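Once you've looked at the hints, dock chain E against the given chain H.
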Amino acid sequence: MIYGVSYLAIALFVFFVLLVLGLSFYFGSKTKSASSYFAAGGTIHWAVNGVAFAGDYLSAASFLGICGMIAFVGYDGFLYSIGYLAGWIVALFLVAEPMKRLGKFTFTDALDSKFNSKAIQLTAAISTLIVSIFYLIPQMVGAGTLVEPLLGLDHWVGVVIVGAVVIFIVATAGMTSTTYVQFIKGGLLIIFSTVLAIYIFNNGLDLNPNNKNQDYIQPMTLTADDMQGFTMVSNMEVEDFSLVKMEKEGVYRWFTKSGNNFEEAMTVTATSDGEKLYNGAPKEEGKFYQVGTLVKIIKDGEVVESTGKVSPLKFLSIINSSEVARYVKILFDDGDNAVTAYVQKITPGKEMLIPGLKFKIGKGATPLSKLNFISLMLALFLGTASLPHILIRYYTVPSQRDARKSTIVAIAAIGFFYVLTLFMGLGAATSGVLNLEDGNMSAPLLAKAFGVGLFAIISAIAFATILGTVSGLIVASSGAIAHDLIDRYMGKQLSDKAKVRAGKIAAAGVGVVAIILGIIFKGMNVSFLVGWAFAVAASANLPAILMVLFWKKTTAKGIASSIIVGIVSAIGIIVTGPSISKQFFGTEGLHGLDSPAIISFSLAMITLIIVSLATQKDNKKLRNKI
Amino acid sequence: MDHGPAVELGVDHAAKRKTRLGIWMFILYTIVYGVFVAIGVVNYEAMSNIVFGDLNLAVTYGFGLIILAIIMGLIYNWRCTKIENEMNKEEKS
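Protein sequences appear in the order of chains H and E. Under the working numbering, residue 736 is the last one in the first sequence; the count climbs by one each step, no gaps. Under the working numbering, residue 174 is the last one in the second sequence; the count climbs by one each step, no gaps.
Rather than coming from a laboratory, the hints here were simulated on the basis of the structure. Everything numeric in this text was worked out from a predicted model, so none of it was measured. Even for Gly, the Cβ is constructed at its ideal location relative to N, Cα and C. No false leads were mixed into what you were given.
Below are the DSSO-like pairs computed for lysine-lysine, each with C-alpha atoms no more than 27 Å apart in a straight line:
no. : chain 1 : residue 1 : chain 2 : residue 2
1   : H       : K406      : H       : K470
2   : H       : K730      : E       : K97
3   : H       : K731      : E       : K97
4   : H       : K367      : H       : K439
5   : H       : K663      : E       : K97
6   : H       : K224      : E       : K97
7   : E       : K97       : H       : K662
8   : H       : K228      : H       : K731
9   : H       : K439      : H       : K397
Derived CB-CB ranges, DEER-like:
no. : chain 1 : residue 1 : chain 2 : residue 2 : range
10  : E       : V113      : H       : N371      : 38 to 48 Å
11  : E       : I104      : H       : N371      : 55 to 65 Å
12  : E       : L155      : H       : I615      : 35 to 45 Å
13  : H       : N734      : E       : A96       : 23 to 33 Å
14  : H       : E349      : E       : A96       : 50 to 60 Å
15  : H       : S382      : E       : G134      : 53 to 63 Å
16  : H       : F311      : E       : V132      : 15 to 25 Å
17  : E       : L155      : H       : T381      : 51 to 61 Å
18  : H       : K140      : E       : K97       : 31 to 41 Å
19  : E       : R160      : H       : K662      : 21 to 31 Å
With the rest of the complex left out, here is chain H (with noise of 0.2 Å):
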């Protein structure tokens, strides 16, 4: 769809640049030492701490992720919402303080704080730079996707602005200005998702959706008696639907066919002399309409057109009652033309209200299928614990008390705007707002339909959660080349002043390699890549973290090696499945696992307790020297 530049959206995006640009200036001017500038010298009070965990860990899988998943396929998305939240009971009751207690500036410190071992240094730096890296990625193609309606810009020169603006921002004042950016990202996306959430109750629910700022455009029903105007060219199968293409005045349109009825289907054509055409037009000529409504309204067993102002329960309760128009996508050649069809597809509100539409745990599925939902139930609940970028922030406070309430104050905050996922999300789904070729834009665009102002606040705001959270993955990189691997690994004995500056450019290399991956994996579901990221966390970094803390006979061989099975099975199953398969290679893949948690943590798990029974006699020789 083609998008209306919004001059105040701009306008605010660009104050909130200046302002995080000035924030860095202010804390760059402050940050000598290695630790003011890799753990804000353990200075942060609880409560800032806590909503900037919020803010470093509400990434944009979580706002534009989440909610778009939860607008096409329901309930599914929000499975992610729970598992994301879920996740910091782990990092709280486990691993909060004793990580506090055993790091310094990363939490390679806490793994190697009994060992100083050149093998723990080594694998959990590379581990670290890894998950950051399957972390960054879907940041990168959010920003992407944001950056085309806020500043009607390509794809790729949204990656690159939030590139060089998170590159400056932990160049010049590492994780002071990154903790103060994220809290007031944190605290703007939980109120304004909010606001958000308090418009969507206001507006009700409406058969036809025309909103303060757009009309909703209904799409077309012909009937054998009233065809008006089209005659029809040809007909095919595809899957479980039956498409009639049809022409009216030189354009051909796809329609599914429904008893009598014929349903107009939203069509992307790539024709063989390379245009690309909307609903068979030009994309400038707007007719790939935003979608998505309720076909069938019950309120308190009475069918209505419209609802009114509802409660929040009240929203749920009536989508639960009633029909929503769904799209769902197939692909199929039409002679020397590739067709991306979206096809509606009625489906009970229920139905939106619980498991399975993208996860198949009901009808039609398999063993497989069933094992990866479990699989990434898994990896969500697993991986928050393990992610680099979370850990570090333990070593920003003064203490371990501080560290424990500062996850409970991001426990609170983040799982207040994961219960707000499911009414933004529902609501897009609903609004006639959803942009089919785009499904993580779904929370700006329902804020559009509200008004300009909203959509103005809320893209600057998705913009600044991208920030945040690249920032965080950025100090966590450059704290992994810079103390980890430069400093204590190479050891170098490096200065505070000279690991400053290896942290400054490593963050902006790992910069540099985030922009070029953002544009590579544009048009992914951010958080569908999101919960790869947490697979191999999972995988590579939780056993070790469990077993150093609640395992005496683990041992450093233990550690390095369950790393290296941990991120090699979980990379391994990724690039060998469907999704990879199909998004590059056009292939099904070498199996049908899209999330390997469930293989890839266990294999590093056992690798870890055999590893380390096998080589007692190196704790033998450890606790002789001590």
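Frame of chain H, contents of chain E only:
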């Protein structure tokens, strides 16, 4: 070599008891989370049963898991603070 904490931390005599409490609370939450996943896999249609007001089991359980995490976090902090105050004070006196 210095890779201890970024700031000097006092000795925490309450660490063991807090760890034990954390493990028990973690197990409790994991069971509740595991039951949620198990219902999804074994009998996902049960998720559509209305169980609270007009809300189905999926939404109620999902919101419940989020709220439970917050409540358990507050209880954990309250207990830990109490244990710290007792044990670290005892040591001082």
